[in-house]
Structure formats: C-alpha cells, structure tokens
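Enquirer: Using the sequences plus the hints, can you model the full thing?
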Amino acid sequence: MNGELQALIGKQVQVASALDTTTGVVVSADGSALTLRTSELSGYEMGSYAIFQLRLIAYIRVL
Amino acid sequence: MKIIMDEKELKALFDGLARVLRALYGSPEPSGGSEQETPPRAGLRRLLRSLIRRGDAQGVPESGAGGFDPGLERMKEMMSRYQGRRAELTTQAGLVAGEIATVGGDYVKIAESGGSYVLIPLEQIVSFHLPGKQVMER
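First to last, the protein sequences are chains A and B.
At the far end of the first sequence sits residue 62, using numbering that gives the first Met the number 0, and the numbering has no gaps.
At the far end of the second sequence sits residue 137, using numbering that gives the first Met the number 0, and the numbering has no gaps.
Since the hints were derived computationally from the structure, they do not count as laboratory data.
The structure displayed is predicted, hence computed values, not measured ones.
Note that CB positions come from ideal geometry on N, CA and C, so glycine has one too.
One or more hints might be untrue.
Claimed, not checked - In silico negatives: residues of chain A with every beta carbon more than 10 angstroms from chain B:
(1) G9
(2) T20
(3) T22
(4) G23
(5) V24
(6) S27
(7) T37
(8) M45
(9) G46
(10) Y48
(11) A49
Said to hold, decoys possible - Only part of the chain A face toward chain B is listed, based on derived beta-carbon distances under 7 angstroms:
(12) M0
(13) A15
(14) A17
(15) A57
(16) Y58
(17) I59
(18) R60
(19) V61
(20) L62
Expert: In structure tokens form, the structure reads like this:
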C-alpha cells in the first residue's frame, strides 16, 4: 500500500478513521504514517497538518 | 519466524534437511555416549540461535500487521476472485461501495461510481458483501 500512498502526494484525499474523517492534501507517506495538509497555504502561515498512524486508518478516498 | 505446516509436511521438511546434511557431511557416526559437538551440529545450533534472535529483534507478530493471518488471506483471495465486480465493504468508518479495481498485498482499491477511488487496508475491512449476496464476515 505504501507505493499507492507515495503516488498520492500532492493529491486531495479524505482520510477516515473510526472516529472522524479529515480532508486534505497528502504531504508525505511512509511505512507507518500519512501526513495531510489540512489548510490552504498562504504566504504568511505554515498551514495546519494532520498526521495519521497508517494502522488506524479505515480508508483513504481519493477525491 | 513463524512456520505453519501439518505433521506430514514437518516430517518431509526434516527428512529433506537430514538428506542435505548427510550429503554435506556424510552419515553420522554412532556417538558412543560422547557429548562433544561435531562442527556441523555446532554450526546448525549457531544458525538456529541467530534466526531466533533475529525473529525476536523484529518483534514478529503472531498475526495482523505484517504477520500471516489466515482470515485476511482468505479475504484477499475472495476479493481477487471478484475483481471487477461491484461490492460493498464495511469498515469501522462506514460503508464503501464500488467496483473492486485492484487487490494489493495489504489493501484493496475500490472505484466508486462518481469517479473517485478508495484505498482500504485489508485489516480494516469488517465485512465484504456482493450486492444481493453476503460473501464474507470477519
């Protein structure tokens, strides 16, 4: 699955866990975690990010 | 390290191993009660110890993440058989419905009707249904 996730970098996805669903752009993915940028990047701020443990992700919808 | 086999396969494995060792080092001499280790036996012991240590260091799980899980393997096999068909998969986060596009080593890719697709880790699938027929429940 790691290869599929690498291919999603820069794409808009929806990550669902048992608790909630988060939408954002995939920034990085490795064997244990997936990082999403959950806000638009502006010239003044670094934006906000969400890091998910892969083993707790129920599914990833590619929008 | 984990090996799953029945008694017959285990016997065949040891018979094969014995044949390889006999071919390499010849037939074993009667020991005559001596406890001294022969070089091949000591080498085998070292090899087994290093394999066991490696297994411990890697924290090989009994099942689940990275380990062999018969339930998961069965589900993967079942999904591969129905590749290209419409299916409904339930996960802890809800239902995902669409066509089974790809079945990977540890995930399944579902193509939804709106053009989006969904990646689902096999471990997260609670149940797998084909419309009109229940295929599998974990």
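Enquirer: Given L62 of chain A as an interface hint, is its Cβ closer than 7 angstroms to any Cβ of chain B?
Expert: Cβ of L62 of chain A sits 6 angstroms from chain B, so the hint holds.
Enquirer: Can we keep the A57 of chain A interface hint, with Cβ of chain B closer than 7 angstroms?
Expert: Constraint on A57 of chain A satisfied, holds at 4 angstroms.
Enquirer: May I ask you to test the interface hint for I59 of chain A with respect to chain B, counting a Cβ-Cβ separation under 7 angstroms as satisfied?
Expert: 5 angstroms, holds
Enquirer: Would G46 of chain A pass as off the interface with chain B, using Cβ distances and a cut of 10 angstroms?
Expert: Nearest chain B Cβ is 24 angstroms from G46 of chain A, so the label holds.
Enquirer: Just checking, T22 of chain A versus chain B, shortest CB gap more than 10 angstroms?
Expert: 12 angstroms, holds
Enquirer: Over 10 angstroms to the closest beta carbon of chain B is the bar; see if G23 of chain A clears it.
Expert: The claim stands: G23 of chain A keeps its Cβ more than 10 angstroms from every Cβ of chain B (closest is about 15 angstroms).
Enquirer: Does the claim that S27 of chain A lies outside the interface with chain B hold up, using a Cβ gap greater than 10 angstroms?
Expert: Consistent with the label, S27 of chain A stays out of reach of chain B, its closest Cβ about 16 angstroms off (over 10 angstroms).
Enquirer: In terms of Cβ atoms, is chain B entirely out of 10 angstroms range of T37 of chain A?
Expert: The claim stands: T37 of chain A keeps its Cβ more than 10 angstroms from every Cβ of chain B (closest is about 17 angstroms).
Enquirer: Verify the interface restraint on V61 of chain A: the C-beta must sit less than 7 angstroms from at least one C-beta of chain B.
Expert: Holds, about 5 angstroms.
Enquirer: Confirm or reject the statement that V24 of chain A sits farther than 10 angstroms, beta carbon to beta carbon, from all of chain B.
Expert: With a cut-off of 10 angstroms, V24 of chain A remains clear of chain B, as the shortest Cβ separation is near 15 angstroms.
Enquirer: Is the hint on A15 of chain A kept, meaning its closest Cβ partner in chain B is under 7 angstroms away?
Expert: 4 angstroms, holds
Enquirer: Hint check: is the beta carbon of Y58 of chain A less than 7 angstroms from a beta carbon of chain B?
Expert: With a closest approach of 4 angstroms, the Y58 of chain A hint holds.
In the structure shown, a violation is registered for the earlier hint numbered 2 alone.
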